[in-house]
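Engineer: Note that the protein sequences, when read in sequence, are chains A, B, C and D.
Each residue of the first sequence is one higher than the one before, counting from 1 in UniProt numbering.
Each residue of the second sequence is one higher than the one before, counting from 1 in UniProt numbering.
Each residue of the third sequence is one higher than the one before, counting from 1 in UniProt numbering.
Each residue of the fourth sequence is one higher than the one before, counting from 1 in UniProt numbering.
It cannot be assumed that every hint is accurate.
As the list claims (entries may be wrong) - Think about it this way: if two alpha-carbon atoms lie no more than 25 Å apart in a straight line, the pair counts; the simulated SDA-like pairs of lysine to any residue are:
1) K267/B with R28/C
2) K185/A with K203/C
3) K44/A with V204/C
4) K66/C with R136/C
5) K267/C with K267/B
Said to hold, decoys possible - Which residues of chain B face chain C? A partial, calculated answer using Cβ under 10 Å:
6) F19
7) E197
8) Y290
9) D338
What the hints contain is simulated information worked out from the structure, not anything from laboratory work.
Note that the structure is predicted; figures quoted are calculated from it, not measured.
Don't be surprised by glycine CBs; every beta carbon is placed ideally from N, CA and C.
There are 4 protein chains.
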Amino acid sequence: MKVGIVGATGYGGLELIRFLHNHPAVDRIELFTSSEEGVLFSSKFGHLVTIVDTPLKKIAYDALEKFDVVFTSTPSGVTSELLPPLVGKGPKLIDLSGDFRLKDLASYEAWYGKKAAPANSVQQSVYGLTEWNTERIRQATLIANPGCYPTAVLLSLLPLIKERLIDPSFLVIDAKSGISGAGNKPSQTTHFSEANENLSIYKVNTHQHIPEIEQALSMFAHVDTTITFNTHLIPMTRGILATSYASVMPGITEAQLIACLKTAYEKHPFLRIVTDANSLGTNRVKGSNYCDILVNVDARTNRATIVSVIDNLVKGAAGQAIQNMNVQFDLPQTTGLDVVPFFI
Amino acid sequence: MKVGIVGATGYGGLELIRFLHNHPAVDRIELFTSSEEGVLFSSKFGHLVTIVDTPLKKIAYDALEKFDVVFTSTPSGVTSELLPPLVGKGPKLIDLSGDFRLKDLASYEAWYGKKAAPANSVQQSVYGLTEWNTERIRQATLIANPGCYPTAVLLSLLPLIKERLIDPSFLVIDAKSGISGAGNKPSQTTHFSEANENLSIYKVNTHQHIPEIEQALSMFAHVDTTITFNTHLIPMTRGILATSYASVMPGITEAQLIACLKTAYEKHPFLRIVTDANSLGTNRVKGSNYCDILVNVDARTNRATIVSVIDNLVKGAAGQAIQNMNVQFDLPQTTGLDVVPFFI
Amino acid sequence: MKVGIVGATGYGGLELIRFLHNHPAVDRIELFTSSEEGVLFSSKFGHLVTIVDTPLKKIAYDALEKFDVVFTSTPSGVTSELLPPLVGKGPKLIDLSGDFRLKDLASYEAWYGKKAAPANSVQQSVYGLTEWNTERIRQATLIANPGCYPTAVLLSLLPLIKERLIDPSFLVIDAKSGISGAGNKPSQTTHFSEANENLSIYKVNTHQHIPEIEQALSMFAHVDTTITFNTHLIPMTRGILATSYASVMPGITEAQLIACLKTAYEKHPFLRIVTDANSLGTNRVKGSNYCDILVNVDARTNRATIVSVIDNLVKGAAGQAIQNMNVQFDLPQTTGLDVVPFFI
Amino acid sequence: MKVGIVGATGYGGLELIRFLHNHPAVDRIELFTSSEEGVLFSSKFGHLVTIVDTPLKKIAYDALEKFDVVFTSTPSGVTSELLPPLVGKGPKLIDLSGDFRLKDLASYEAWYGKKAAPANSVQQSVYGLTEWNTERIRQATLIANPGCYPTAVLLSLLPLIKERLIDPSFLVIDAKSGISGAGNKPSQTTHFSEANENLSIYKVNTHQHIPEIEQALSMFAHVDTTITFNTHLIPMTRGILATSYASVMPGITEAQLIACLKTAYEKHPFLRIVTDANSLGTNRVKGSNYCDILVNVDARTNRATIVSVIDNLVKGAAGQAIQNMNVQFDLPQTTGLDVVPFFI
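Pulled out of the complex, with its shape left as it was, chain A reads as follows (with noise of 0.2 Å):
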């Protein structure tokens, strides 16, 4: 297979080609960019010298066209004009960004505040949650890569949603996240001396992920809910960790919460039903495309405490995108995959 990255610069671009470095189904890997053309890659990412000591391309339909798979990680705004010529021209196509996740036109556009893209384009992309959206996905020309919080988030609900084992009337997620999250571009916010030793809310109540959370939870589990969903700035590099609250439904127990998640996901190899806090943490999950979940029902409130962990950049991006990939050229989902968390 031949690979076309867009936008490999960014850290979903640099996770992409960390993995796909070592796919087997892989041969060729290209990277496109909209401002550096000819630029030696490695001569910016040190860590790839010897690795991909190849030169940036210059963005061109007749190039793109002759990949098997193109994968965009650009900011948002982005995809949107890119990638509609590109649909059903031969390679298939896995936004990372947030541009094809929203089916709702006006919703795009009033929670990004950029244009939204063509109607029938939208209509044509796929919503890349693999684990509950496999055969689409596998058929798709177009997938909207789903975002990292959402990811996190809907991996643990989604299940106890369906089943009505939890009331989606009163749902608090508070989710935090490593920096990495806020992309490469340096800001006062992501400056060390400023992010580091520093926790602290950002977006408040005004997310662009909620509307796809509840896009999903619509989708997926016929439900139709406005939630609650706020974001924190973690002083660490990798990770998210989302924390959901709401209620269990009368006469359900703990135990059949565990065993909805671990019945939801016996055949997915990724997911993971943790049963002691004590064994979950970003660090079990870094670096690899594993989310670990843990439910508790807190018996004093009868509410239940549904927590996710993710390494943003792999099973909130890239690798999740390559997940997609392997489901579309019919691979095992973990090819190239297949990686033991960091922990330390």
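With chain A's structure known, arrange chains B, C and D on it following the hints.
Structural biologist: Below, chains B, C and D alone, put in the same frame as chain A:
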């Protein structure tokens, strides 16, 4: 004033020393320990060389009785035995442990798993949430200094709940703390290589600060409720950020919530109401006794997000203890505590 | 005293504010900027809300002339033009930039790549290494506050070189700094995700502090030598540790080196000679004006290892600047600087 | 191949597992322990759930003899007793501890403060600095895998010293390591709150890697010298950066030093010569077996600064051990180790 510190080698004790060193009304500090009698304090703590070159002393009642104030900063289960004989013997007693916080002895024993202090001592003790209990603190002989999490949570929620602006019946509090909250004793969980670059949840729905928060909501806001409260370990040393979620009462606006907080704290120098989330972060209060609070109402859900930040070792421990001492001795509350936060 | 700070928004400026806020002889502080006139300072820096709620003022000579002291904490190349007209006009001038440190103008221009300040201003300026230049500082109108690295290096090496106990002819200085030394301007190098968990060397053999150290060795120890000096970026915010290596002069013992340092600094409250390496670390001086020094002689090689630690923003910048102000105004050197280091 | 790991619960052991899991020639891994027989490995290490769900086994010679390779990753003083009876009994033995590194038994006992291994075992053992001892490693039964610091130092210095391009008579090596180098056992020094935001020096002039480096300089470059070597603790988890200083031999240029290194390593896939300091950093080799080297000559002093970076747990431990295994079994050296460094 002569001040004794029992448990000086813990982080709470070290912070007491840091502030009392510059407290204009304190002219003598002596340090007590259960196990390292005679050890030169600065030989254990290099940062105190030339500053605190005195030996640790053995805990003895006749010595402790001679102080104007005795701070105890010990693990739970120590002062329940140590302090009762000292009550009324002269010194003001300010206990930073949890041993005198819960009026319900059975609750203490259930949540702490230890024998409670004698009933009469517990009844005599005054809960030292300075801004909410000033008059009783002024008269108190034995102060139960609040826990770090309860301080952050209560200061932000009490005005809103007392004025019935938010609904206390479904209160979700998602708290996050730096690792110094776990104390100075090494463990696998706090081992640098495993705590660094990791984000985890601990004591899921079982943290001993739950009954303390519920008791204070009842005591100061006259509301009996059962809260959902969880705690997360953040890879940084200092700081607590608590994010609380509740429905806003019908007809109440965000502006009213903000006004309520501003009114409640207008005469309290350490409480700051923040209206821009970009100005809120644990590093904005680091090293200081400030508590910063932000409130936001999500118009989609009519739920409030209430965020507060403190330095867990200062406002959440040593700083509030000294603030209470100031109250007891009719000093301005800011005496010895008027420092600029670190930020970086 | 009335104090003006030019360049208040940088980290040096923020530290000046942190200490001057508690300085008993300072009753007014005004903040100046080149570009953000009228902006409320606390709107930029949330930690200063209720503490410094004053607007930034435009830099103007008539305003600056009325202060007792003007601190300038600006990038190199600014005060070389700004300060000369102010010399002798009233205020004591304390420049935290490098513009007046090098007496050799050609050397300044070679190492800084900028135009040097006028020769007469440079000659008038006094190098503000407090412990080594106290009398001249007392009389000075314009003080060139030392660089962060030179402060750490010179305080540890000067006594030993001046007394000819170590051989200055082959002096290797390996210095390490926290990232706040790079200032507050975001860049790829200081972007959290790329600076965190990374250790690197920078400005290899070309750091502009090299001629400053060599000049001071000549000035205070009367030794002309060419040093080897390198700097490393450490993934933490504050702190410098400098490790220096030199041969011990024949017949000289470790005990003599220690004694030399102790004698040199016995009357200097901020200098501490440490004899146990376990007591030495940047966190032992964090947030304070202390400089801790350790010396060890390796009997195998007869070479000395000399280690010093400072907080780069305090003793390496704002703290030493205030110490110099204290000297100029005949205040005890510790005035406003007598704080306990943070440790944790 | 069947592989046994003794000391699997340490960080070296965990890294062996991380890489061997993806090693194409390894089909079975068993884990041995001195004290936790029967414990499910993944119950101790959450990141290995579903990956290594096997129990720890008791160390027993009859079991160990049946493996093709036995890695031992234990504290010093363990394998000196454990391994000698296994030599020649079948498995290739690769010892990651220091017990077989020093040929001079008295030196081992002096620097390690422990009883040395039997003389004949030590003599039989082969020092496993892969790039410099490949042929002897290929034949070896017992490999003494190099220390983390010696690996970083020797790979960068050996070519230059062997070719007599730098002067070994005054060699200063200033090394810095992340905290994982201290192992997995909690201590005050590695307690997060005290290690975070701290920079310190340890084992001043007494690190046990000193004689190992000197022995290898003699063994591979035929130079007997006494080095100055110090080690610093950096607040990050992984990575070593070693900065070495030496005079350049008369008439030798920087270009010759660079050429020497490039020639020495042109056929060695894990060695990369870096010419831009901005491309060098521990995060450029993080998680990988690469060693990156930079050399710079200061024209002012005619001294060379030689910098090398490795991941202490990979090239400095488990990675090099597997590289040695590959050599022993005539596999390409990169087998199972061909991964892209993490960078972020």
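Engineer: Now tell me if each hint is right for this structure.
Structural biologist: Evaluation of the provided hints:
1. K267/B with R28/C: holds (24 Å)
2. K185/A with K203/C: Distance ~23 Å between K185/A and K203/C Cα, so the pair holds.
3. K44/A with V204/C: holds (19 Å)
4. K66/C with R136/C: holds (23 Å)
5. K267/C with K267/B: violated (44 Å)
6. F19: F19/B check passes; min Cβ-Cβ to chain C is 8 Å, inside 10 Å.
7. E197: holds (7 Å)
8. Y290: Y290/B check passes; min Cβ-Cβ to chain C is 8 Å, inside 10 Å.
9. D338: Holds, because the Cβ-Cβ distance from D338/B to chain C comes to roughly 7 Å (cut-off 10 Å).
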